[in-house]
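Throw the hints in and build the complete structure from the sequences for me.
Those protein sequence lines, which keep their order, are chains E and R. All residue numbers for the first sequence refer to the numbering used here, where the first residue is 1098 and numbers rise by one. All residue numbers for the second sequence refer to the numbering used here, where the first residue is 11 and numbers rise by one.
Honestly, the hints are just simulated from the structure, not real lab data. Check the hints yourself; a few may be wrong.
[Said to hold, decoys possible] Below, a list of computed lysine-lysine pairs in the DSSO-like style, where the Cα atoms sit at most 27 Å apart:
#: 1; chain 1: E; residue 1: Lys1112; chain 2: E; residue 2: Lys1175
#: 2; chain 1: R; residue 1: Lys78; chain 2: R; residue 2: Lys68
#: 3; chain 1: R; residue 1: Lys68; chain 2: R; residue 2: Lys79
#: 4; chain 1: E; residue 1: Lys1112; chain 2: E; residue 2: Lys1138
#: 5; chain 1: R; residue 1: Lys59; chain 2: E; residue 2: Lys1148
#: 6; chain 1: R; residue 1: Lys79; chain 2: R; residue 2: Lys59
#: 7; chain 1: E; residue 1: Lys1148; chain 2: R; residue 2: Lys123
#: 8; chain 1: E; residue 1: Lys1141; chain 2: R; residue 2: Lys59
#: 9; chain 1: E; residue 1: Lys1141; chain 2: R; residue 2: Lys123
#: 10; chain 1: R; residue 1: Lys68; chain 2: E; residue 2: Lys1151
#: 11; chain 1: E; residue 1: Lys1141; chain 2: E; residue 2: Lys1175
#: 12; chain 1: R; residue 1: Lys78; chain 2: E; residue 2: Lys1138
#: 13; chain 1: E; residue 1: Lys1141; chain 2: E; residue 2: Lys1112
#: 14; chain 1: E; residue 1: Lys1141; chain 2: E; residue 2: Lys1151
#: 15; chain 1: E; residue 1: Lys1138; chain 2: R; residue 2: Lys59
#: 16; chain 1: R; residue 1: Lys79; chain 2: R; residue 2: Lys123
#: 17; chain 1: E; residue 1: Lys1148; chain 2: E; residue 2: Lys1175
#: 18; chain 1: E; residue 1: Lys1151; chain 2: E; residue 2: Lys1175
#: 19; chain 1: E; residue 1: Lys1138; chain 2: E; residue 2: Lys1175
#: 20; chain 1: E; residue 1: Lys1138; chain 2: E; residue 2: Lys1151
#: 21; chain 1: R; residue 1: Lys78; chain 2: R; residue 2: Lys59
#: 22; chain 1: R; residue 1: Lys79; chain 2: E; residue 2: Lys1141
In case you want the letters, here they are:
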Amino acid sequence: EAGVTQFPSHSVIEKGQTVTLRCDPISGHDNLYWYRRVMGKEIKFLLHFVKESKQDESGMPNNRFLAERTGGTYSTLKVQPAELEDSGVYFCASSQGLGVETQYFGPGTRLLVL
Amino acid sequence: AQSVTQLGSHVSVSEGALVLLRCNYSSSVPPYLFWYVQYPNQGLQLLLKYTSAATLVKGINGFEAEFKKSETSFHLTKPSAHMSDAAEYFCAVKTPALNNDMRFGAGTRLTVKP
Chain E
1098 EAGVTQFPSH SVIEKGQTVT LRCDPISGHD NLYWYRRVMG KEIKFLLHFV KESKQDESGM
1158 PNNRFLAERT GGTYSTLKVQ PAELEDSGVY FCASSQGLGV ETQYFGPGTR LLVL
Chain R
11 AQSVTQLGSH VSVSEGALVL LRCNYSSSVP PYLFWYVQYP NQGLQLLLKY TSAATLVKGI
71 NGFEAEFKKS ETSFHLTKPS AHMSDAAEYF CAVKTPALNN DMRFGAGTRL TVKP
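Given below as structure tokens:
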């Protein structure tokens, strides 16, 4: 069974540009999460989808970030326009249920904004 | 709100020595606790999780952790370190009674010396 996949693995863009990150969860997992780790700091929650609906987006830093999950399958996270402080590793995770259910993580997308 | 603190951003042990990675949590309701490991260029992989059953939890690769409510701790141990254990380890807390996102510690990088 394929795990959580993320694309691209790395992205280097200039300040002001737009970047779109993609996450493909494990097939059948209704729950999809986005997290971010800024250099040397803790991994922080961004938002949680249940199927195509945003269940919790309390961690989204500002309105430059837009997440979508079309048809409840893959998800995209767009940053527009990107700022220097957006640099970091963006992780996606998925789970079948909630509560104690394990969240399975992808390898992350390393974003560098110059 | 829930949170975790990992004591020591870097830990170095000799091969064959005891591994002890510290994690303290804060939660107003009964928590679920997790340890994840990240090997270079890979995603986070679940090592073990505490779900209010047994307080001593055994995970993969010979790791275990003990939930101590009185000390609000969930330290990760392994009796004998192996070179392949070199990685970054993350403690995380989740409290489904409040929400379903996980709160991570800042991570501890484990180095194993030959």
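Tested hints:
1. E:Lys1112 x E:Lys1175: Holds, at roughly 14 Å.
2. R:Lys78 x R:Lys68: Given that 27 Å is the threshold and the Cα spacing comes to 15 Å, the pair holds.
3. R:Lys68 x R:Lys79: The given pair, whose Cα atoms are some 18 Å apart, holds under the 27 Å limit.
4. E:Lys1112 x E:Lys1138: OK: Lys1112 of chain E and Lys1138 of chain E at ~22 Å, within 27 Å.
5. R:Lys59 x E:Lys1148: 25 Å, holds
6. R:Lys79 x R:Lys59: Given pair Lys79 of chain R, Lys59 of chain R holds - Cα atoms ~15 Å apart, limit 27 Å.
7. E:Lys1148 x R:Lys123: Violated, because 45 Å separates the two Cα atoms, which is more than 27 Å.
8. E:Lys1141 x R:Lys59: Holds, because 19 Å separates the two Cα atoms, which is no more than 27 Å.
9. E:Lys1141 x R:Lys123: 31 Å, violated
10. R:Lys68 x E:Lys1151: 34 Å, violated
11. E:Lys1141 x E:Lys1175: Judged against 27 Å, a Cα distance of about 17 Å means the pair holds.
12. R:Lys78 x E:Lys1138: 26 Å, holds
13. E:Lys1141 x E:Lys1112: 22 Å, holds
14. E:Lys1141 x E:Lys1151: 17 Å, holds
15. E:Lys1138 x R:Lys59: 22 Å, holds
16. R:Lys79 x R:Lys123: Outside the cut-off at roughly 33 Å; violated.
17. E:Lys1148 x E:Lys1175: 18 Å, holds
18. E:Lys1151 x E:Lys1175: Roughly 15 Å between the alpha carbons, so the hint for Lys1151 of chain E and Lys1175 of chain E holds.
19. E:Lys1138 x E:Lys1175: Holds: Lys1138 of chain E and Lys1175 of chain E sit about 22 Å apart, inside 27 Å.
20. E:Lys1138 x E:Lys1151: Since the Cα atoms of Lys1138 of chain E and Lys1151 of chain E sit roughly 25 Å apart, the hinted pair holds (cutoff 27 Å).
21. R:Lys78 x R:Lys59: Holds. Lys78 of chain R to Lys59 of chain R sits at ~14 Å (cutoff 27 Å).
22. R:Lys79 x E:Lys1141: 25 Å, holds
The structure shown violates the earlier hints numbered 7, 9, 10, 16.
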